[in-house]
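With chain A's structure known, arrange chains B and C on it following the hints.
Take a look at the letters that make up each chain.
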Amino acid sequence: MTDALLAGELPFPPRPDYLRDGTTLTSWLTTTDHKRIAILFAVTITMFFFMGGAAITAVRLELFTPNGGLLSSDTYNKLFSFHGIIMVWFFLVPSIPNTMGNFLLPLMIGAPDLAFPRLNLFSWYLTVAAGAVTVYALVAGGVDTGWTFYTPYSTMFSNSHVLAAAAGVFMVGFSSIATGVNFIATIHMLRAPGMTWFRLPLFVWAIYATSIIMVLASPVLAISLLLVMAERWLGLPIFDPARGGDPILFQHLFWFYSHPAVYIMVLPAMGVVSEIIPCFARRRIFGYDFMVYAMIAIAGIGFFVWGHHMFVSGQSAYANLIFSFLSFIIAVPSAIKVFNWTASLYRGQISFNSPMLYALGFVGLFTTGGLSGLFLASIPVDVHVTDTYFVVAHFHYIMVGGSVSAFFGGLHFWWPKVTGRMYPESWAKFAAILMYFGFNMTFLPQFFAGYLGMPRRYHTYPPEYQIYNVMSSSGAAVLAVAYLLPLGYFAWSLFYGGRAGKNPWDATGLEWTTTSPPPPQNFDRQPRVDRGPYDYHAEGQSAGLDPPEPQNSREVR
Amino acid sequence: MSMQSTHPHTTAWRLWRRNGLIWAALMLLLALTLVLAYVPMGWLTPAAGIVIAFSKAGLVILLFMELAKARPLIRLAAMAGVVFLAVLFALTLADVLSRLAGR
Amino acid sequence: MSETTSLLKEPWQYFDRQREAGTFGIWVFLASELLFFGALILTYTVCRIENVAAFAAAGRETNIWYGTINTAILLTSSLTMAMASQAAAANEGLRRLILWCLAATAALGLAFLVVKGFEYREDIERHLVPGAHFGLKQTAAQLFFGLYWIVTGVHAVHLTIGIIMVVRLTLLGYLNKFQLDENPEIQVTGLYWHLVDIIWIFLYPLIYLPGRTS
Numbered sequence: 001m002t003d004a005l006l007a008g009e010l011p012f013p014p015r016p017d018y019l020r021d022g023t024t025l026t027s028w029l030t031t032t033d034h035k036r037i038a039i040l041f042a043v044t045i046t047m048f049f050f051m052g053g054a055a056i057t058a059v060r061l062e063l064f065t066p067n068g069g070l071l072s073s074d075t076y077n078k079l080f081s082f083h084g085i086i087m088v089w090f091f092l093v094p095s096i097p098n099t100m101g102n103f104l105l106p107l108m109i110g111a112p113d114l115a116f117p118r119l120n121l122f123s124w125y126l127t128v129a130a131g132a133v134t135v136y137a138l139v140a141g142g143v144d145t146g147w148t149f150y151t152p153y154s155t156m157f158s159n160s161h162v163l164a165a166a167a168g169v170f171m172v173g174f175s176s177i178a179t180g181v182n183f184i185a186t187i188h189m190l191r192a193p194g195m196t197w198f199r200l201p202l203f204v205w206a207i208y209a210t211s212i213i214m215v216l217a218s219p220v221l222a223i224s225l226l227l228v229m230a231e232r233w234l235g236l237p238i239f240d241p242a243r244g245g246d247p248i249l250f251q252h253l254f255w256f257y258s259h260p261a262v263y264i265m266v267l268p269a270m271g272v273v274s275e276i277i278p279c280f281a282r283r284r285i286f287g288y289d290f291m292v293y294a295m296i297a298i299a300g301i302g303f304f305v306w307g308h309h310m311f312v313s314g315q316s317a318y319a320n321l322i323f324s325f326l327s328f329i330i331a332v333p334s335a336i337k338v339f340n341w342t343a344s345l346y347r348g349q350i351s352f353n354s355p356m357l358y359a360l361g362f363v364g365l366f367t368t369g370g371l372s373g374l375f376l377a378s379i380p381v382d383v384h385v386t387d388t389y390f391v392v393a394h395f396h397y398i399m400v401g402g403s404v405s406a407f408f409g410g411l412h413f414w415w416p417k418v419t420g421r422m423y424p425e426s427w428a429k430f431a432a433i434l435m436y437f438g439f440n441m442t443f444l445p446q447f448f449a450g451y452l453g454m455p456r457r458y459h460t461y462p463p464e465y466q467i468y469n470v471m472s473s474s475g476a477a478v479l480a481v482a483y484l485l486p487l488g489y490f491a492w493s494l495f496y497g498g499r500a501g502k503n504p505w506d507a508t509g510l511e512w513t514t515t516s517p518p519p520p521q522n523f524d525r526q527p528r529v530d531r532g533p534y535d536y537h538a539e540g541q542s543a544g545l546d547p548p549e550p551q552n553s554r555e556v557r
Numbered sequence: 001m002s003m004q005s006t007h008p009h010t011t012a013w014r015l016w017r018r019n020g021l022i023w024a025a026l027m028l029l030l031a032l033t034l035v036l037a038y039v040p041m042g043w044l045t046p047a048a049g050i051v052i053a054f055s056k057a058g059l060v061i062l063l064f065m066e067l068a069k070a071r072p073l074i075r076l077a078a079m080a081g082v083v084f085l086a087v088l089f090a091l092t093l094a095d096v097l098s099r100l101a102g103r
Numbered sequence: 001m002s003e004t005t006s007l008l009k010e011p012w013q014y015f016d017r018q019r020e021a022g023t024f025g026i027w028v029f030l031a032s033e034l035l036f037f038g039a040l041i042l043t044y045t046v047c048r049i050e051n052v053a054a055f056a057a058a059g060r061e062t063n064i065w066y067g068t069i070n071t072a073i074l075l076t077s078s079l080t081m082a083m084a085s086q087a088a089a090a091n092e093g094l095r096r097l098i099l100w101c102l103a104a105t106a107a108l109g110l111a112f113l114v115v116k117g118f119e120y121r122e123d124i125e126r127h128l129v130p131g132a133h134f135g136l137k138q139t140a141a142q143l144f145f146g147l148y149w150i151v152t153g154v155h156a157v158h159l160t161i162g163i164i165m166v167v168r169l170t171l172l173g174y175l176n177k178f179q180l181d182e183n184p185e186i187q188v189t190g191l192y193w194h195l196v197d198i199i200w201i202f203l204y205p206l207i208y209l210p211g212r213t214s
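Chains as they are written, first to last, in my numbering: chain A, 1 to 557; chain B, 1 to 103; chain C, 1 to 214.
Looking at chain A on its own, in the form it has when it is part of the complex:
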């Protein structure tokens, strides 16, 4: 008997969930429902993920042997450039914010939708249009500048489709800005009664910090690419040293965005992990306040460190010093978060469901990647390993080992809520473990290869590096399987998976108090919040066997 019936109220009339509320294609393409837009984004970025993956598969095949022979050097350059551009801007940046952020943000704060629903739809259309332009660049022959578009190569010497690629990225930047504005306004203005700032789930804080970065950093990227496009198309001499220009200026403008961009890619992942770990350890998060401060600090300090990508560019030693120092500082808040996630496990009742496997994997792999970052922050070491596979391994540990793992963890955690179906847990566990091993096999050898001097972005290499490349390429094959498996069993679950209840994990967020899938307006009853998040156990005690109180315990569940 529900409390509603006990109180003598009538039950709610049956109403469709958001998936069944309008089944035509038009209803999907003109929707302003944040949940549907999240799904539109999810489909789009999955396509881009596999495109970027296909590109790098060709690259890793080429690198299996020292003189490959499968691809010409030009084609090789175009493939890794496409891989970088697609993966960074069309997969990682939108992944967690535009799929899980879009879907969960209003649910987690108890709102019926985002602040500007039509702007949300516009964001998606802009991403699709931008993606089309970028894919056109590939189809028309590709771009070979690397995802970094460095001048003067990109402006004066490259014979590839720089203009189209830069235009595509320029456009998708504005999608990012629109999303960021939407999220910031939503979090400020649409929280349910009782949902104070320090009762927000950490995922919401993560999205908030990410949105600030998106709004403030993306415009500078747009300008850097606009200038490259202007120079190429109109012959303007912005970065041409012979005519008074400064090529290093491009790098300043580019990295002013692209360094904070890596925090756009990692902060939401940290937010996801902060939701999963408390749930599957049945513990409150350790040090909630400092988790919040750490995320704000990462977002803020992230804007001060971009020059560490430019230590060997010709930047002055004075600037090098400042950037190196600040880059060491920014490791501190990340470390605080790692300590807190670990401490949250203490005295927990840990269950190794697949989301938890991904989350724990994140903690280890992110830490490894982050520690390698400290090596790179140290200028003497950086001079040795810059533009080698050491750097490649570093950022893949964080982006792939970190962000992609967290993305998959979140996908599994919230799949029941989004679709109303359960996925097969044993397959999911298998895929998670396979991913962990495949990932390490792919990228751990790259640390060694890089440290021993193997340069990046070359289609051939001296034979002494072959062992590392063979390991890496084999690992990539395993990783590919691990990424394809979820595609299979998630699709299966849509038709044959068990129906999920409101709260299959007994978690505490507001999103778990509504039906799976949720109704179009998110909640049948306006939630009112009376407690903090992660209330998995009483103070000073371990969690009991009963389900915890979710955040709106006074409302009918």
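I should point out that these hints are in silico values taken from the structure, not numbers from a laboratory. Predicted model only: the values in this text are computed from it and were never measured. We put the beta carbon where it would ideally sit given N, CA and C, even for glycine. Incorrect hints may appear among the rest.
[As the list claims (entries may be wrong)] Here are the computed distance ranges between Cβ atoms for each label pair:
1) A:LEU371 to C:GLU61: 53 to 61 Å
2) B:LEU28 to C:ILE49: 29 to 37 Å
3) A:TYR125 to C:HIS133: 36 to 44 Å
4) C:ILE161 to A:GLY544: 52 to 60 Å
5) C:ASP16 to A:PRO13: 25 to 33 Å
6) A:PRO380 to B:LEU28: 52 to 60 Å
7) A:LEU234 to B:LEU28: 34 to 42 Å
Below, chains B and C without anything else, positioned relative to chain A:
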């Protein structure tokens, strides 16, 4: 927060007077910056232009855009843009100027 | 009030809240625009620091009368836009005032573009376009004019968007498609318009005033 007054005409007149005065100040500053550009004062000439530009922008942002009486959250948003723009300028110029000095 | 509910949009329950959110949202967007143009101005600054003499020589070649007149035009358009926005917020039924001021704003914006058109034509005739036929001898003067075309072009695009938004408000208001009093869209458009003006306020001394002392 709308001003309740006795008559729409009084409100209109009040608005014209307030905004007209601000406009007059802006025009004066424009004339000033034009004139000063022709006065050879070494580095002070471009500096004066920048300072006057900031003053004009300040009038527009504080009075036309009413940032002066906006609630704190709005001012925080505006400040955030300014602060991070300042960071972009400061650290980039730190590199450019020290490279120039070293040449 | 039954009138304000027609302006109420999903997902908002209260009109005041929607209004606040709209104002806040546009200010956040303006912060991003500040960084957008700020990056362009940084580019100019770095190039100027590295090529002081050439920039002074190039700046002298700009048409100071077109530039000053355009600045005056935009400042006046900010006046009319502020009038329209504040009159709407005052909620005193100042319908004619609002509509005239909106129309004047759009007209002044168009006047700016017309003057800019004349200026661009003159610049092209005087070979101030970087490329093979560039008219000045210093190589870095090409850099100045490259930035000139980019910056004024981007500004003009933003101004055009602003004009379209203001014209839309004028038409919808004139045809009584929505109420003007307390209309949040007027305030939001106004804030965007003022930003376009502020950008020009900074561009004016950077483009038109260098090199005038010699």
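Hint-by-hint comparison with the structure:
1. A:LEU371 to C:GLU61: 53 to 61 Å: 55 Å, holds
2. B:LEU28 to C:ILE49: 29 to 37 Å: The hint (29 to 37 Å, Cβ to Cβ) holds, given that B:LEU28 and C:ILE49 are roughly 30 Å apart.
3. A:TYR125 to C:HIS133: 36 to 44 Å: 41 Å, holds
4. C:ILE161 to A:GLY544: 52 to 60 Å: 58 Å, holds
5. C:ASP16 to A:PRO13: 25 to 33 Å: 31 Å, holds
6. A:PRO380 to B:LEU28: 52 to 60 Å: Holds: the Cβ-Cβ distance is about 57 Å, inside 52 to 60 Å.
7. A:LEU234 to B:LEU28: 34 to 42 Å: About 38 Å separates the Cβ atoms of A:LEU234 and B:LEU28, which means 34 to 42 Å holds.
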